[in-house]
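K.L.:
Each chain, written out:
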Amino acid sequence: MKISNELKVALTILVALVAGFFGYRLMGDMPMFRQSKIIHAHFVQADGLTPGSYIFVSGVRVGSVKSMQLSNGDSVKVSMSLDLDTHIPKDSEAHLQSSGLLDEKAIVIIRGNSQQDVEHNDEIKGIYEGGMMETLKQEGEQLSEDVSESFEKLNTLLEELNTMVDEEAQGKIDTTLTNLQTSTDEMATLFRNKRSDLELSITHAQQFLANMDTVSTRNKSRIDSVLTGLDRSLTELEVLSHELTQTNRELREVLVKINNGEGSLGKLVNDPGLYDNLESLSGEMDLLIKNINEDPGKYLKHMRLIEVF
Amino acid sequence: MEALEQFGKYSLLLYRSLRSLYEVDTYRKNLINELLKIGYESVPIVLLTGVFTGAVMTIQTAYQLDIAFIPVSIIGAITSESLLMELAAVITSLVLAGKVGARIATELGTMRVSEQIDALESMGFNSVSFLVLPRVLAGLIMFPMLYIFASVSGILGGLVAGYFSGAVSPAEFMSGAREFFFPWDVTFGILKAFVFGFVITSVSCFKGYYASGGAEGVGNSTTQATVLSCIYVLLADFVLAAVFL
Amino acid sequence: MIEIRNLTKSFGSNLVWKDVSFNIEDGETVAIIGRSGCGKSVLVKHFNALMYPDSGEVIIDGNNVFELEYVDLRKMRQRFGVLFQGSALFDSLNTFENIAFPLRYFSDFDENEIKKKVEDALDMVNLTGTGDQSPAELSGGMRRRVALARATILQPDFLIYDEPTSGLDPQTSEEINQLIISMADNLNITSIVVTHDIHSVLKIADRIAYLEEQSLYWHGTVEELRKSEDRILMDFITASEYQIRS
Ligand SMILES: Nc1ncnc2c1ncn2[C@@H]1O[C@H](COP(=O)(O)OP(=O)(O)OP(=O)(O)O)[C@@H](O)[C@H]1O
Ligand SMILES: [Mg+2]
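Heads up: the protein sequence lines correspond to chains A, B and C, in order.
When we follow this note's numbering, the leftmost residue of the first sequence carries the number 1, and every step to the right adds one.
When we follow this note's numbering, the leftmost residue of the second sequence carries the number 1001, and every step to the right adds one.
When we follow this note's numbering, the leftmost residue of the third sequence carries the number 2001, and every step to the right adds one.
Treat the hints with care, since some could be wrong.
[Unchecked claim] Computed list of chain C residues with no C-beta within reach of chain B, every gap over 12 Å:
| # | residue |
| --- | --- |
| 1 | E2113 |
| 2 | E2137 |
| 3 | P2170 |
| 4 | N2186 |
| 5 | K2227 |
| 6 | R2231 |
| 7 | I2232 |
| 8 | T2238 |
[What the hints assert, rightly or not] Label pairs and their in silico Cβ distance ranges:
| # | chain 1 | residue 1 | chain 2 | residue 2 | range |
| --- | --- | --- | --- | --- | --- |
| 9 | C | D2019 | B | K1009 | 41 to 51 Å |
| 10 | B | A1171 | A | L11 | 26 to 36 Å |
| 11 | B | L1245 | C | E2069 | 42 to 52 Å |
| 12 | C | N2112 | A | S4 | 14 to 24 Å |
| 13 | C | I2232 | B | S1011 | 41 to 51 Å |
| 14 | C | F2011 | B | R1028 | 33 to 43 Å |
| 15 | B | F1164 | A | L11 | 23 to 33 Å |
| 16 | C | Q2155 | B | I1045 | 45 to 55 Å |
| 17 | A | Q69 | B | L1245 | 15 to 25 Å |
| 18 | B | I1231 | C | N2126 | 43 to 53 Å |
| 19 | C | I2232 | B | V1239 | 54 to 64 Å |
Since the hints were derived computationally from the structure, they do not count as laboratory data.
Even glycine gets a Cβ: it sits at the ideal position worked out from N, Cα and C.
Model the full structure from these sequences, guided by the hints.
P.N.:
Have a look at this one:
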């Protein structure tokens, strides 16, 4: 069959229009060929966020920011397009956080517990966070302060204990040891609390670094080492906390013994194990305080990412 | 001064081509023929140009971005946006300035020096609307189509090149391309293709229609047609960017 | 009737001729002669306003062609058939389509009538059966004859022949001269023939216009030419005669 010129021309135009139409739909997220659902959230502010910024759920990229506009009142309405197969509960929260360098932001959706899933065009709660870096920094400072305060207290207590031992004021030892126990309890609690905070931070950092990882493999080793450092810090803290608990237990035993009138102060003072324990604990704590004061970065190594790059 | 005179002559030619716009019957066959030559017959070269432009864009963007911490999907975004906004229209036009422009100028130039244009006029035709109008119309109609072909093939070329070079997976490439897809880019690209189609066909017609001096004269007008088409395409590109961006 | 009044034409600073005036009566055959490059082709292109003069008028049936509205000008041009010096066949079309071209656009004939007319025209110029050859496949003389068939196909009032016989063998020239004569006699067409060929001039022309010294140097009937004693004119004529005889 001979194709007439008219047909060829018509075909050319038709193919172009069809290709253009479908290409446009494919590229432009048109409702007809929608491959994503749009949900909205209001934030107090949205600095650093741009259309195209990523959206994560539990560290998995599920979509991107479609548009942002000022809404009535003093908030910003952010529309997010999520992959069609993402299921997130209706009461989920969208956290606006730092995701990368240069003050890049991303939205992290923390899943709620609702049975109902978010539908197209639904709105979820939006929370603006100062950004991971800032949070971490604050947490770090807080932690360091808390720790040094506690250690100071502990030190005074130990000093007092020493003095009392010297003076052989046995009557006071009882209360002092009780105090000491409370302090160590506090310490333990502090570490437990802070540990979860720190763990959260580290999870954030890991998430962040995982993102970074996909970006480039070039600095992978450096990132890995930073990550390892962070893990190590956590482990150290855990060990420390563990030791404190241990000490605490020992102290309690001593206290029980004293209370039961089972031994004397001399016995207590002459017990080299306990003394050593106390001393090494004190030394360790001093070291920790010193370390944290001198180099908070050791425990917040991920803050150094900025320096790395 | 002379440039101004030339521009006047050029404008007059376009005016004369429009004067018989309504006589579709006389130039319909020519229009079909030109649509065929400018459109249908340019599709292969446009697809080829598109694929290679997209592929080169992808690989070079990947190479340049390797040092920085930027998601690889950005490669898709940069490739597709540059294609849609600039390259699909401009590179296609520069290639077609050679192919289409040279053909038009040679055809009309030969018709001029062999008195075929006089023959048309003497028969009572409006030779301008008979010869110039269908060519310019075909350019206006077909260049946006070719822009679409170049864009689609360019993005596909980039996608494939990204995949085979391992720089970016098709999924990431497309996600980047889609995230940075702005309908305005396409509007702008089509506008460009439209303008470039007009520039190339009208300049080539002008040069061919007023050719003189035998075979050598035709050669000269052909050279001028292609060179001027390219220059005016780039100039128009600049003006459009300055006006619309 | 075509009245040429005080025509002056120059290309840039290059004067072709000035102050050319003469009349061409209906039904007569006028020969325009002169040296190569004296502006004969340029002159005939003014008759249907393919070129515009610096000054002067060409008046056809009372209208100055240079002042016609474009629509009227195109109507007026359709009254002319032109055989161009280089034949000016459309090289994108074959012989048949070249001849059929004016019919397709300017007549109401159906396809069969067009076919018949074109074949008749091909017969007339002795090119029967060459309809589907392209102009590039034809010899110069054949092209000339196809162009002649195309120029006459719409039976125009005025026929301009720009050197219809130059470069042809004497026999073919003779055939073409006969065609011109029969066209003028049978169809009462007004013919304007540009030529170097004095032999055919004397055979076909009623009147002669001689361009020389950038002006219309001489014009008159064939009888007057024979009697003329103008040196320059005679030199031109006899130079031709000499060529023919040798
Ligand atoms: N389009 C043009 N532009 C500039 N000059 C031209 C043009 N056409 C013709 N001329 C000049 O006008 C003069 C007359 O040219 P024309 O073609 O009329 O000569 P001619 O008498 O027909 O010669 P021949 O017998 O060789 O055909 C020539 O000198 C030519 O150079
Ligand atoms: Mg001539």
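K.L.:
Now look at each hint and say whether the structure bears it out.
P.N.:
Quick rundown of the hints versus the structure:
{"no.": "1", "hint": "E2113", "result": "holds, 18 Å"}
{"no.": "2", "hint": "E2137", "result": "holds, 16 Å"}
{"no.": "3", "hint": "P2170", "result": "holds, 26 Å"}
{"no.": "4", "hint": "N2186", "result": "holds, 22 Å"}
{"no.": "5", "hint": "K2227", "result": "holds, 36 Å"}
{"no.": "6", "hint": "R2231", "result": "holds, 35 Å"}
{"no.": "7", "hint": "I2232", "result": "holds, 30 Å"}
{"no.": "8", "hint": "T2238", "result": "holds, 32 Å"}
{"no.": "9", "hint": "C:D2019 x B:K1009: 41 to 51 Å", "result": "violated, 28 Å"}
{"no.": "10", "hint": "B:A1171 x A:L11: 26 to 36 Å", "result": "holds, 32 Å"}
{"no.": "11", "hint": "B:L1245 x C:E2069: 42 to 52 Å", "result": "holds, 45 Å"}
{"no.": "12", "hint": "C:N2112 x A:S4: 14 to 24 Å", "result": "holds, 22 Å"}
{"no.": "13", "hint": "C:I2232 x B:S1011: 41 to 51 Å", "result": "holds, 46 Å"}
{"no.": "14", "hint": "C:F2011 x B:R1028: 33 to 43 Å", "result": "holds, 36 Å"}
{"no.": "15", "hint": "B:F1164 x A:L11: 23 to 33 Å", "result": "holds, 30 Å"}
{"no.": "16", "hint": "C:Q2155 x B:I1045: 45 to 55 Å", "result": "holds, 47 Å"}
{"no.": "17", "hint": "A:Q69 x B:L1245: 15 to 25 Å", "result": "holds, 22 Å"}
{"no.": "18", "hint": "B:I1231 x C:N2126: 43 to 53 Å", "result": "holds, 52 Å"}
{"no.": "19", "hint": "C:I2232 x B:V1239: 54 to 64 Å", "result": "holds, 60 Å"}
Hint check: a violation occurs at hint 9 only; the rest are consistent with the structure.
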